[in-house]
Amino acid sequence: MAGSYGNYIFERYDVYKLNSLATTLVAAAFALIPLPSWSQTDIVFVSPFKAGGSTLPFIKDFAAQIEQTGIAVDQRFLGNCRLASQILNRTKTKYLYVWASDLQQECLPPQSVTAKNLVGMLFVTPMYMCGRLSTLDQYRDRPAIMGTNPGAVYTALSEQIRDKINSNIKIVNYANSGAIKAAIVTGEIDLVFHSSGKALSRDNLVTCYAATAAEQIKGLDLISDIIGHVPHSQISNTFWIAGVNLTAQEMANIREIYSRWTKSKEFASMINTAAREAPSGTIDQQISQIHKSLQ
Amino acid sequence: MLGTLIGIFVGIMPSIGGSFILLAGFPFLLSLTPLQVIIFYVTFRISSQFSGSVSALLFGMLGEITSYPALKERASIIRQGDIYASIFGTAIGSTVATVLALLLTYPLLFHIDWTLYLLRSEMVFFVLVMIILTSCFWPDNALHHNLGLIAVGLILGTIGFNPVTGQEFLTFGDVYLSSGIPLLPVLIGFVAVPVAYKLLHDCALISFDMARLPSRPQQSLSNIAWHAVAKGSIVGWIAGLIPVLGSAMSSNMAWRVETWLQRKKGIDDAVARLVCAESANNSAVISVLIPLLLFGIAIIPSEMIVYHILEAQGWSHDRFSALDYVLVTSAATLSVMVAYLLCSPWISHMCGFFSRYHQEMTYAVLAITLVSVLIMAYREYSLVYYVVLLVLFSFLGILFRDKDSTPLILSFLAAEQLINSGRIIWQLYF
Numbered sequence: 001m002a003g004s005y006g007n008y009i010f011e012r013y014d015v016y017k018l019n020s021l022a023t024t025l026v027a028a029a030f031a032l033i034p035l036p037s038w039s040q041t042d043i044v045f046v047s048p049f050k051a052g053g054s055t056l057p058f059i060k061d062f063a064a065q066i067e068q069t070g071i072a073v074d075q076r077f078l079g080n081c082r083l084a085s086q087i088l089n090r091t092k093t094k095y096l097y098v099w100a101s102d103l104q105q106e107c108l109p110p111q112s113v114t115a116k117n118l119v120g121m122l123f124v125t126p127m128y129m130c131g132r133l134s135t136l137d138q139y140r141d142r143p144a145i146m147g148t149n150p151g152a153v154y155t156a157l158s159e160q161i162r163d164k165i166n167s168n169i170k171i172v173n174y175a176n177s178g179a180i181k182a183a184i185v186t187g188e189i190d191l192v193f194h195s196s197g198k199a200l201s202r203d204n205l206v207t208c209y210a211a212t213a214a215e216q217i218k219g220l221d222l223i224s225d226i227i228g229h230v231p232h233s234q235i236s237n238t239f240w241i242a243g244v245n246l247t248a249q250e251m252a253n254i255r256e257i258y259s260r261w262t263k264s265k266e267f268a269s270m271i272n273t274a275a276r277e278a279p280s281g282t283i284d285q286q287i288s289q290i291h292k293s294l295q
Numbered sequence: 001m002l003g004t005l006i007g008i009f010v011g012i013m014p015s016i017g018g019s020f021i022l023l024a025g026f027p028f029l030l031s032l033t034p035l036q037v038i039i040f041y042v043t044f045r046i047s048s049q050f051s052g053s054v055s056a057l058l059f060g061m062l063g064e065i066t067s068y069p070a071l072k073e074r075a076s077i078i079r080q081g082d083i084y085a086s087i088f089g090t091a092i093g094s095t096v097a098t099v100l101a102l103l104l105t106y107p108l109l110f111h112i113d114w115t116l117y118l119l120r121s122e123m124v125f126f127v128l129v130m131i132i133l134t135s136c137f138w139p140d141n142a143l144h145h146n147l148g149l150i151a152v153g154l155i156l157g158t159i160g161f162n163p164v165t166g167q168e169f170l171t172f173g174d175v176y177l178s179s180g181i182p183l184l185p186v187l188i189g190f191v192a193v194p195v196a197y198k199l200l201h202d203c204a205l206i207s208f209d210m211a212r213l214p215s216r217p218q219q220s221l222s223n224i225a226w227h228a229v230a231k232g233s234i235v236g237w238i239a240g241l242i243p244v245l246g247s248a249m250s251s252n253m254a255w256r257v258e259t260w261l262q263r264k265k266g267i268d269d270a271v272a273r274l275v276c277a278e279s280a281n282n283s284a285v286i287s288v289l290i291p292l293l294l295f296g297i298a299i300i301p302s303e304m305i306v307y308h309i310l311e312a313q314g315w316s317h318d319r320f321s322a323l324d325y326v327l328v329t330s331a332a333t334l335s336v337m338v339a340y341l342l343c344s345p346w347i348s349h350m351c352g353f354f355s356r357y358h359q360e361m362t363y364a365v366l367a368i369t370l371v372s373v374l375i376m377a378y379r380e381y382s383l384v385y386y387v388v389l390l391v392l393f394s395f396l397g398i399l400f401r402d403k404d405s406t407p408l409i410l411s412f413l414a415a416e417q418l419i420n421s422g423r424i425i426w427q428l429y430f
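The listed protein sequences correspond, in order, to chains A and B. So for the first sequence, our numbering puts the first residue at 1; every next one is plus one. So for the second sequence, our numbering puts the first residue at 1; every next one is plus one.
These are computed hints drawn from the structure, not numbers from a lab. Just so you know, even glycine gets a beta-carbon here, dropped at the ideal spot from N, CA and C. Some hints could be false.
Cβ-Cβ distance ranges computed for the label pairs, FRET-style [said to hold, decoys possible]:
(1) A:N204 <-> B:L2: 46 to 52 Å
(2) B:Y429 <-> A:A248: 55 to 61 Å
(3) A:R140 <-> B:L383: 40 to 46 Å
(4) B:H201 <-> A:R255: 58 to 64 Å
(5) B:F395 <-> A:S280: 53 to 59 Å
(6) B:K265 <-> A:K170: 54 to 60 Å
To list a few chain A residues with every Cβ distance to chain B over 12 Å, as calculated [as the list claims (entries may be wrong)]:
(7) G79
(8) D102
(9) T114
(10) Q138
(11) N149
(12) N166
(13) E188
(14) K265
(15) G281
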């Protein structure tokens, strides 16, 4: 009975008999639904990273804070720092962008960081020297494998550490923190000189001995104490937010929102979850730190 | 629920695979949480397997390649008057197989410590090499075609700046090429567009005959071939672990095993063979997730789309908890039952509708896919780049539509990780 009734519906009313072109246009229009909301944007927040990186929750939260003041923010994750740099210099659109000193191995920042365009530092990611044994000295006379970030600067620092501790340490580059974690958990590597060291230590997978940092982190030596004060021995990957084509008043408003946001419990919680170091210091001190990290 | 409903639709529509629909639903899936995406994917695949076999049994429509055994057994089952018994048996067998597979998978994911060692670079490299090697023998293509597709996939996957090696490959200084070839134009050009082209041009309208169906007899659990369910579950679970081929071949493998065993015993039980095959199908849907949840390695094309979505949301495989697994288990089990309840009374209407309007459906899905991807490209300031890639890959996809592009897609996705893990192994041992 259900079958004959179904046929009756199809044949009597023929409501589903659509022209192919009409169907295509209707479907395409359906896919265009989100467009109108993007046309009302005041500021475009550009990230050179893909969506899904460690900066994602920070960008989303900061954008939400700005939007509470009535400014519409459109977040765009480009996954391409060269394109981001080009875009930020191309048009008269009002932009905010996040950048990291680490990106310089692939592309330069879109502009020189100054008091005029810097909103503030987002967070700092020092490199942590950590291992499976309780002290670094235990590695002085045994072969070991050390995992580190890719990039000439970190490889050079890793080699200097190796030369100071034990020439039998082999250095291996890992693309991201997930790969490093898997490597330390499975015993593929013994030592880590990586930005994810703090998170690994928190998970009780390693013991951290030292870090690259502008200031000493509690319980850790400075890397420069181990290898001496060589170039980049205090380099940490520094993330910051800056503005392009914003008026002085707009910058002041956004700086105020940033200041409130970075002092909030939510921001502290995000920093803790991401195992990052919170920003500190005045704007001038932050500019100085950013320039140092770009050397 | 949405995954189940869409899966039923996909299972019935001939030649429209899961990948095509996942591409069309990409923007929607990005709005879900990672757990919701995984649940959607599992329920979608389970219900598409079931509806595909139901449409194959009832109407001789091959909605899913894994329904091939159902098509083969159809004639025997109709002759014996066992159509509804086989549908009922398939539903129960699929439910039990899903639960069995989930129980087999749980200790592997959460309680067996040695599985951690499967995350080592050597293992990852080995799995990726196996994926490439098994792609060489992709059954729908000749060997030399597979090798050509793999070569193209590896080259496309390597184009761009590699942050680990610090090297650029075939970027010619172009700012767009430096970030590599994006996944979506490759999938749309080599998968979605050729599928749509074939549906619109190469296939005759699906002839659907609303033949009178026999009246439904009362079904009983005691008539289920439980031994076939058990065998199918285990064979399917193991087959699903084989990269690339396992999931698609699971039902075939189980069907062949059961056929051989029956021949040895001198039995001819078509329903048992079918139930064995369909149980294997659903079991494989679960086990195929293991490399994804353990290593973050997707081993079939539709899984790769899902992983791309999960990655964009900041998900990583070490965040998948036991509680998440319980939720996925519940959803998967419910999905089969819901698919059975929905398919039985409505399958004839759905098949009739799709038969009549499959052209319009195809245009609609393709339009949604293309517009969604172009909007994404516009927001990434890469509209022209995406358009050029879409036109190029769509042209190539249509030109080589008679070849299955899966080896190309798999090697494209494996390329960068293969290089990086190979490099790690070199640094570790040499």
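Hint by hint, work out which the structure violates, then give me just those numbers in ascending order.
1, 3, 7, 8, 11 and 13
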